[in-house]
Amino acid sequence: MSSPLKVALIGNPNTGKTSIFNALTGLRQKVGNYPGITVEKKTGACSFGPDLNATIYDLPGTYSLNTTSLDESVAVEILLNRRDPDFPDVVVVIADVENLKRNLLLFTQIKDLGLRTILVINMSDRMKRLGIEIDVPSLESSLDTRIALLSSRNDTGIEDLKAILSDYKSISDQPSLDITDIDKAYFENLKTTFPKIDAYKLWLAITQDVNFMPIEKKVIPDRSAFSTKSKSELQKMQHRETVLRYKYINNALKEGYQKDLSKADGIQGVLDRIFTHKIFGYLIFFVILFTMFQAIFDFSSYPMDAIDHFFASASEWIKATLPSGVLTDLLAEGIVAGIGGVVIFIPQIAFLFLFISILEESGYMSRVVFLMDRIMKPFGLSGKSVVPLMSGMACAIPAVMATRTIENWKERLITIMVVPFTTCSARLPVYLIIIALVIPEGRFLGLGYQALVLTGLYLLGFLAAVVAAAILNRGLNIERRSFFMIEMPTFKPPQFRNVAITVFEKTKSFVLEAGKIILALSVVIWFLGSNGYSDSFKNAEAEVIQQIQQQGLNLSDEELSQKISSYKLEHSYIGVLGKIIEPVVKPLGYDWKIGIAVITSFAAREVFVGTLATIYSVGEESESTIVGRMALETDELGKPIFNLASGVSILLFYAFAMQCMSTIAVVRKETNSWKWPMIQLGYMTLLAYLSALIAYQTLI
Amino acid sequence: MTNLLELKIGQKAIIADSIDERLPVKLMELGCLPGNEVQLLQIAPLNDPLYYLVAGNRISIRREIAGLISLDL
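Chains A and B, in that order, give the protein sequences.
Under my numbering, the letters of the first sequence match residues 1038 to 1737, in that order.
Under my numbering, the letters of the second sequence match residues 11 to 83, in that order.
All clues given are correct.
On the chain A side, residues computed to face chain B include the following (Cβ under 7 Å): (1) Y1100; (2) T1105; (3) R1139; (4) S1269; (5) Q1275; (6) H1276; (7) Y1283; (8) F1407; (9) D1410; (10) R1411; (11) I1523.
Listed next, the in silico SDA-like pairs over lysine to any residue satisfying Cα-Cα at most 20 Å (straight line): (12) A:K1315 to B:L56; (13) A:K1284 to B:A65; (14) A:K1315 to B:Q21; (15) A:K1414 to B:R73; (16) A:K1315 to B:L51; (17) A:K1266 to B:L33.
Hint data in this document are derived by calculation from the structure and do not stem from the laboratory.
The model shown is predicted, which means the values in this text are computed figures rather than measured ones.
Backbone N, C-alpha and C define an ideal beta-carbon position, used for all residues, glycine too.
Can you make the complete structure from the sequences, with help from the hints?
Here is the structure:
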């Protein structure tokens, strides 16, 4: 059997390209990254018969080959480079029936590259309602291609497309336009300089708006030859090109495409007026947001608790069943706990992407972007940053993943860099316990101090995100020529299959990619916490028993084993580390025990509470016991360790510090470099340290 | 010369023949071509961005770009 046929799907955003990709490939999909960049590369397998297999490439959505974003350049890069291993044998341009004219612009550009090009007209189920009639054979001849009328919603037409694809050799690869019509003299000149290179490809390379990709270096060795035209002259030529393309399209559509203009879709206008209304628009948005958080916090807490219990009991079961030893401990406390730490996020991530993909599929998300853009703009963010920032209140991990909808790299990067400031659910356990300890229960204007402080911390997180964004906006020197433009797609009910596949793919990619790193770090922390080199660590049990006997205490078995594990932790590598960093955390008002908790909670913030519980030898069964025990903790002078000053210092530290290796892992994945997560870790930790320091030193 | 910024909500106009050379080609590709009809559908709070229906396409752009498109009224 020969190697599979390579079929590239390309089309404007919102044309249902992904639905067609899903229909062709089902779950036989692979999502990866294009080398060196973060644009998703989606491929899938499909067969058209017993001996014709194909690999389908879902290229990023684009309006044109004149690219303005990274996603779009990827598509152009692949289509321009015949030597690229992903270079397609056939290109399928997906158009939607309502915006056929505009979609055909991309079609003519692809055809001009000299590729075999098929046209799919999607959403044909809407034709009747929109008053559109299409004469397929007539359009096929005027556009010099094969056409499949398809409805991904009703699952019709996919077989037609497959039939056309299986006969791909007969499809025309002739260009639509003669590109030299733009400016005969200019292109004549180009041709004599570069006789071997296709004129349109040269033209594309010359006029690339964005130089993310070294396209021109590959196609054209020397740029100096076309400095004959200034930038503004080139732009005028591009404008002329667009006019020519539309002339061609209008001509081609004259015979085969009729639209009855009286059948406007009135309901769309009404929906739009409601959803983008100055008051109702925001009201609806906040109701949706509220419902979303309710779902993420409340609904997912049940499966999360179940997962938590499952892994805890799995860990216990392993300890009880397998012979005791280092390997069993590693399995039970390192690996199983580590996997649990990954799996626990699945419900929140799945819920979040369920909502986001429904909002996106229905066309609503563009309205939110429209409403919020002006408010976000002064901070170097875009309307498209709103959803990630809000999601960050559940968890920064899915929030960072949600930034993928932002096309502009600078705006996306800033969003990623500030998202971890928003108060995620993992901060909550830390906040609750410290607030209970150091903030008095009194009331101010009928509002409890404790509740006020908690609300203040949420606001502080949001404020920090916005201010950091404004600073990054000035400081980051990333060239961006793209401008804000968003299409407002027509409202349509979301398709179940697309939503389900999105949720599945996003969750899977989190578990596999970020999960690897989380698991590895958990094992490292487990190792450091359960091993030590000193004699005190090795003889922990004997020494603790000896101490107890000297003090004449009478402890239950449980209390004794907690004492031992606390003693062990004190003398483990992490305990030693805590002692080493004590001088660093001392100015913040922390002792070495809090220092350890800060270190271990680097795995995840909520670990802070668990670590303190272990150190202070209390069972985790009730928070009040930990609070009570912590309140008794004193320094050498007999003053309480947890006082207002050190408490506020801890709160501020956790409000600002990155303290979450899962986030680092996901930022590493989304930015495809260690540079950004390290900068983020650095500046957030610095801010956390300084603010905690100032707070402690002023309050003490 | 009037431009897109001067439209009132619901008002329609025809895009003029002269094209500002700074106009991103992408907007022309999305239908902002001379002779095409454009209608202002909605203005976001704080007057930015603006939401237009142009040649059947629904797009939202910021004021700085909208000001580049001139109209025949």
